[in-house]
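Start from the sequences and build out the full structure, keeping to the hints where you can.
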Amino acid sequence: MNSKSLILIVEDDAAVRNLMAVTLETRGYRYHLAQNGTEALIEATTHQPDVMLLDLGLPDMDGVEIIRKVRSWSGMPIIVISARSEDTDKVEALDAGADDYLTKPFSVNEMLARLRVALRRISTDQQPAIQENAVYDNGSLHIDYAAGCAYIGDSEIHLTPIEYKLLCLLAKNTGKVLTHNYILKEIWGSYSSSEVGSLRVFMAMLRKKLQSGDAAQPYIQTHIGIGYRMLRQEKNPEEAP
Amino acid sequence: MPVQSVDRERILVCVSASPTSSDVIRRAARLSRSVGAELIALYVEDSEMQNDAQEKAVHEHLDMAERLGAVITTIYGNDPATAIAQYARVSGITKIVLGKSPSKRSAFAPRETLMSRLNELAPDVEIIIVPNHLQEDTRHFSLRRKIQKERFAAGDLVKTALILALSTGVGFLFSAIGLAITNVVLIYILGVMAVALFTTGYIYSLLSSLLSVLIFNFFFTEPYYSLQSTPDYLATFAVMFAAAILSSSLTSRIKAQSVQTANKAYQTEVLLSTSQLLQKAEGKEAILKVALRQLCRLLEHSVLCYDLAEGTLSEQPVLNEIESDHGFDQIDLPAEREAAEWVGRNGKHAGRSTRKWSQDRCLYMAIRGENRVWAVVGIRADNAPSIDEYRKNLLISILDECALAIEKDHMTREKQKMEESARQEALRANLLRAISHDLRTPLTSISGNAAILLEDLGELDASRKKALYASIYDDAIWLNGLVENLLTITRTENGTVQLNLQSEMVSDAIEEALRHLDRNAAKRFIATSLQDDLLMARMDSALIVQVLINLINNAVKYTPEDTRITIGAKPEGDMVVLWVEDEGPGVPEGDEDKVFEMFYTGVKHSPDSRRGIGLGLALCRSIVQAHGGEIKAENIRPHGARFRFTLPMAEVEEYEQ
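Taken in sequence, the protein lines are chains Z and Y.
According to the numbering used here, the stretch in the first sequence is residues 1 to 241, in order.
According to the numbering used here, the stretch in the second sequence is residues 242 to 898, in order.
Source of the hints: derived by calculation from the structure; they are not laboratory data.
Misleading hints may appear alongside valid ones.
Said to hold, decoys possible - Pairs of lysine-lysine residues, derived as BS3-like cross-links and limited to a Cα-Cα distance of at most 25 Å, are as follows:
| id | chain 1 | residue 1 | chain 2 | residue 2 |
| --- | --- | --- | --- | --- |
| 1 | Y | Lys707 | Z | Lys104 |
| 2 | Z | Lys104 | Z | Lys176 |
| 3 | Z | Lys208 | Z | Lys176 |
| 4 | Y | Lys530 | Y | Lys496 |
| 5 | Y | Lys811 | Z | Lys208 |
| 6 | Z | Lys208 | Z | Lys172 |
| 7 | Z | Lys209 | Y | Lys811 |
| 8 | Y | Lys400 | Y | Lys341 |
| 9 | Y | Lys649 | Y | Lys706 |
Next up, the structure:
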């Protein structure tokens, strides 16, 4: 993994900022610090960090506003950190373009795990071949876009058209938390609360079908009240934190 | 005999339309002032129709009496003496002031007898006669009145003729079949009664009495077909005439009384329904609306109402208009606002028919409570029918009742508010006490352990250090859980909770809850048992996850290590049942409901119960209830507790297109 990745920490609370900085340092990451939204935007433009860890409750600016601004020129992974346990804040941030979220209090291990997911996403995204690829590989999951088929290992999994569309959407956004809202818009083209129920059922079925192959970690992670995420699986578990 | 005991003298003055009446009232007022007595102005209204001039005179007199400080009372009765005596008896009157001319005259109660009859009927009451200088005028007045009153109406005349013709026809029939002539006399008397019943005014009865005698004479007495008759029949004629007049007078009186009774019954009904409706109405606005509607029914005038809050009238009045007086369309209400505002400040009447703003087209009256004015009512009073004293009294009593209702409503609300805030206060105080006590314990432990680690100069071995770190971590996590619950409590307890209800997979909720458990949970075997992977329920996921976390942590807290905790869910009717089962000692017998009360903290000696402020389960209950479900605790065999709660099942639409 790229241990020289540059992380931008945007956090106004000194103790938490310190905790995050120390954690990153011990894991061999480089980092920059910003105490407020203005500093965050300056740091983001001047140093072009690989990942941004963004606290939503900043004194000078709404965190969601920062996400929108950054998204106007960069696709860098943004992980939001929220003390508010309200789901709506997270959903708003995710819909604005954030990739992932952490709720305070979080454990440092959790933070590191999310960072790895985000970094993995940019490393795969940066291989232009994969972007255009007609196939998708993730652990033992294999999708043949051209044929419209999905496989676990060597055996094909039988998916309904909607399940297949969902799988493709999640696969193309591997590592990113997709909100219910976003998924409904992408797949059904509209949003209505009555469809959220069906989305749950489709997802449950899809997860079940994917899981039947290997019993290890699920490919699709459920974030209750928020959305779903496709996790990148390691074929051969390599690095340990 | 006075029924009521009196500690203060009560003087009754009889009001009439007579011009002398004002003089009588003034004298009575002077008398009452001099002896410090209460003055009551009594007007006996009878069934006889009155002309406008008379009505106006009575109004003027009553108004004057009111200005002089009298309480106005109107009663109904055809015999003033009895009515006055009755009233005097029941209301404990000590003196009656009368004019020399009677307040009421009628053919059957000659005026000379009013005083003597009163004396007879109410011997305990002192009667004061005010001498009268206007006797002549009075007589003229009444004479004119009689003439004015009787107007001929073609319809009534036709009716009279028809009835007489019918009587004559029946008379011929009777004599043809040989019945006695007396039967014919009776038929005519019957006819006269019928005339009295179907026509208005004495004149037709008189006319028909006279005509009956003449026709009877003409057709049925010898010599037939002439108005001559033998002296024998003269007596018959006289008796017949007298009987006809008497019966017609009785009939017309009964008729008038029935109209009056109907009127009064209607007004009583309005009054009664007003009380009922006012009692049912909740809130000032509703009460005022009811009062307006009832006033409108009673008075048959359009009415309006300004609400009065903190000394200022509402911008726009509430209107209750009726067709017959064209509502308030042509009335410049803003211009009359001044009068309404004055009424609001002073609680007295103003506007039309009063002395202040008498050119205004509405009469303004206050809905006045114990010590404040609640609202101002305006009555369109610039056209007929004018509001007579009786209805004015009803009007005032409706306004009073309305004020009472508003006051009661206001007090109930105040009381509710106070009780609510007292309850909240008590809750808050309890909460604060419990929290401040329970926050200190983990904080002491965290700071203490951290201090030991900071001051460590190498004498602590690795395992001791690790134990201290773990303790700090546990306490911090515990504190976080507490804060989470407190936040949710403030959200649910102050009633502002807005459930974000979604159809969620029950399995997702359980999975999420298992991710946020105490570290101690790792020392138990936690299993899930789901009958249906696709079971869905309507829930606010964040809140239900917290319910599950609280229940599982609770199970962890009260059970020994290495025991099993099972989380399950299954459909049951149109609900989903979720449960958390443990193998601990169970819930103390009889406490199955109490565990959900705030600050309940279970048995003190249970293994892990070093602290806990009994918020968790109370919170669970309020969350589950907000979802429309219920939560229960029960013991299971051989030992252990089961907490189960229900949620409405989610209907899922077509699963595949």
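Evaluated hints:
no. : hint                   : in the structure
1   : Y:Lys707 with Z:Lys104 : holds (24 Å)
2   : Z:Lys104 with Z:Lys176 : holds (19 Å)
3   : Z:Lys208 with Z:Lys176 : holds (20 Å)
4   : Y:Lys530 with Y:Lys496 : violated (36 Å)
5   : Y:Lys811 with Z:Lys208 : holds (19 Å)
6   : Z:Lys208 with Z:Lys172 : holds (20 Å)
7   : Z:Lys209 with Y:Lys811 : holds (22 Å)
8   : Y:Lys400 with Y:Lys341 : violated (42 Å)
9   : Y:Lys649 with Y:Lys706 : violated (68 Å)
When each numbered hint is compared with the structure, violations occur for hints 4, 8 and 9.
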